[in-house]
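**Student:** Take a look at the letters that make up each chain.
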Amino acid sequence: MNKPDTPTLAPQPGLPTPAASWHDRKGLVQIGLLALLLLAPLAAHLLGHVYYVNLASRVTLVAMAAVGLNLAIGYGGMVSFGHAAYFGLGGYVAGISAYHAFDFTPVIAWPIAIPGSDSMLAIWLAALVLCGLLALVIGAISLRTTGVYFIMITLAFAQMMYYFANSWPTYGGEDGLPIYLRNSLPWVDTNDALTFFLICFAGLVLSLALTSRIMKSRFGAALTMARLNDTRLATAGIAPYPVRLVAFVISAMITGLAGALYADLNGFVSPTMLSWHMSGELMVIVILGGVGRLYGPLAGAILFVMMETLLGGLTEYWKLFLGLVLLFVVLFAKHGVMGWLAGRERHE
Amino acid sequence: MTLFIEQLFNGLQLGTMLFLMASGLTLVFGVMGLINLAHGSFYMVGAYATALATAATGSFLVGLAAGIAAAAAVGALVELIVIRRLYHRPHLDQVLATFALILIFSEGTRWLFGSSPLWLNPPALLAGSVTLPGGLRYPLFRLVIIAVGVAVAVGMYFLISRTRLGMRIRAGESDREMIGALGVDIARLYTLVFAMGAALAGLAGALVGALQSVQVGMGEPVLILAFVVIVIGGIGSIKGALYGAILVGVVDTLGRVFLPLFFRQFMPSSEAAGVGAAIAAMLIYILMAVILAFKPKGLFAANE
Amino acid sequence: MSDVVLSLAHLNKRFGALQATRDVSLDLRPGEIHALIGPNGAGKSTLIGQIAGSLRPDTGSIVLAGQEITSLSVAQRARLGLGRSFQISSLAEPLSVKRNVMIAVQALQGHSFRFWKPVHRDESLLAPAMAALERMALAHRADTAVAELSHGERRQVEVACALALKPRVLLLDEPMAGLGPEGSARLTELLEALKREVPILLIEHDMDAVFRLADRISVLVDGAVIAHGDSATIRANPQVREAYLGETTC
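Residue numbers (this note's numbering), protein chains in the order written: chain S, 1 to 348; chain F, 1 to 304; chain G, 1 to 250.
If we strip away everything but chain S, and leave its shape as in the complex, we get:
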């Protein structure tokens, strides 16, 4: 890209700013956020504050779940109000598998016996597959519609999962299901808070890298066009529906994997993970951070958990203030934290 001839040329709205400086600022903010997330728990670990290490794991997993949602909302333009379904399903996969491993009973006895497992690798695989399948079914129905219908239908399907978990007595119903022993990985001690954080961190970095890579690929180009102008996409000869559906499924799988880890972090899974408040909070995190920005979910998750911890320490009614902040961001500061930190997003 050519540099402008006159070095004093001020960046103007609407005109591409010089590419180098823009990338620098965005890159710095992104590296800064990741470094902050990595270094804070390391410091906490050295100072012996396990609580803060776990808090960082929470930020990381919430961010990862929101990275998944951002792929649907931000990049695909599919306003899913039901991503708690995948977050919660991932959590229940971890919980149910651990429950049966603890009991030495099969998860399913018929037609084939599937035993429980306390191996995280098996659980992650199962969470990815099941969340992908659930999203395939929900997406296939919901994506036949658009706009408000899509929002309400995704919400309704998540509620279906919520009520189902609530009234299915085997796994604790509304009381939820404890995970007595954190699920394990070969060679590492998942019970160590810092080790577990690093596992979560790796998951977040992987999902960020995956999202970034996908969005630069041909599939990403098609998805972007499906969001910006699906008539153009169809006119070019690419049917928008399968493109959206695949993106929706990938999005749900990322969120579901985060959910499986989240249940392990808390040692507990309950219908709360499936509730529409959870869907709403994930959306809030995406918006607070900056919708459609790769690192927006991370920025949003840091802000959200900080507010929850700081305000929640001051008042039991902290969500009142969350509501006010959210209202302000939606009405007046549309580009979120990343817009404020790293400038407006620019398309190539």
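A portion of the hints provided could be inaccurate.
As the list claims (entries may be wrong) - BS3-like mimics (lysine-lysine), calculated; alpha carbons at most 27 Å apart, straight line: (1) S:Lys216 to G:Lys195; (2) G:Lys166 to G:Lys117; (3) G:Lys117 to S:Lys26; (4) S:Lys216 to G:Lys166.
To be clear, the hints were calculated from the coordinates, so they are not data collected in a lab.
Use these hints to put chains F and G onto chain S, whose structure you have.
**Tutor:** Relative to chain S, chains F and G alone:
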């Protein structure tokens, strides 16, 4: 058989309440193109105001009037301060802003009135039960609720098809620019429609509050059922809201009672209760999925 | 039959009481521009919708290069070689011109479910896109966002997108609409050069352009084709003068 009829009435009662919620939601969407999650908050406001005013005056009727008025006033205020900035925004912004309103209303109410439920009893006059033809004894208050729902449905029909306001609402649904060109004060019309929807939600909250209890978050399950109703009925269609509400109310109620009984035919009764309850909880969502598979725009799509 | 790339046979479409398309038959031959004209409300948009696939005719058939396409979707028809431009520009505004055209190249190659390789330096996408832009004399604007283009330039991008599909047929819906005399003269020139490569079904209001470009003209009034012929025939046709020229005064 009496159990079936009794549950059918319960389903109708739930259906009429859902209609009160759904008609406001669907009207606001049809006329202003707005998705409003905070509609459940007006339901809660109506219930709280009714409970407080009834406790203060000792009269349920006065309380009910206060509840409806409070919901309408809060609705108008919210429209003036927040909602009107959202009409031209994407649905995502509308969802988030009204989600923020839910947080503000719920936590604000919890702050003011605490987490424990308020008590609101139906008036003594309506407390008993009546014997219906066929020998079924049924609570009078529930019958009154059904009657109120029917009266509102009839009232809405006349309002929309026969009055000047209704004409403007219909014009607004079909062509938003047109109605401005006709010289109708759109801003005022929108506030009015929004407050009307809020008042209906407040009415539903007050009536159901007297039946169950008045507490923070009471509007949320109803809100989501109301969403299912208008998705089934077709967003923007009052008629769709009516049919959808009755359908959802009856299917949900009957499912919860009869599915466990049904499963008891071929499995142990403790297990049957669990399986039946779990499937019953999903029943209306399955119904919604099936209807959408055939009619993606709902049964009575308003703006094709 | 091999002489016809696109043929419409006895199309009918009714919306309630309104018969929007009445027994329309027309065809497009290699190397020609066939113009479709008609006053507002004549049913041009409905007809285009049926050709492009966003509307289904009630009866009748559409054949593209020997293949019946009447019940195919928009995307399927595009893959079979139907390129179109829209009356109201339908580009992705925030994206660069290049990216708008590249999506068509990508569609042509049929590899949209590739998740790994970045597109931004993919020569197999970029080169054909640039060639299409070159054709429309827009290569110098390749990196500009569509939102910053002039009205006329957007029209050219629209046509470039359609061209990038290597279409068998171009369906251009009022490409001159809203262009000044200069812009429309320029586009006329570009289309003139294009027609030998790909036949064009041109729906157009600008009569100067139509009479200059079209080899054949069909006139649509009230959903039916009332006249058909070369420009001299159409100019002389009294029915056309009454129904069309008399009404629009242009």
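**Student:** Run every hint past the structure and note whether it holds.
**Tutor:** How the hints compare with the structure:
1. S:Lys216 to G:Lys195: Violated: S:Lys216 and G:Lys195 sit about 35 Å apart, past 27 Å.
2. G:Lys166 to G:Lys117: holds, 24 Å
3. G:Lys117 to S:Lys26: holds, 23 Å
4. S:Lys216 to G:Lys166: holds, 25 Å
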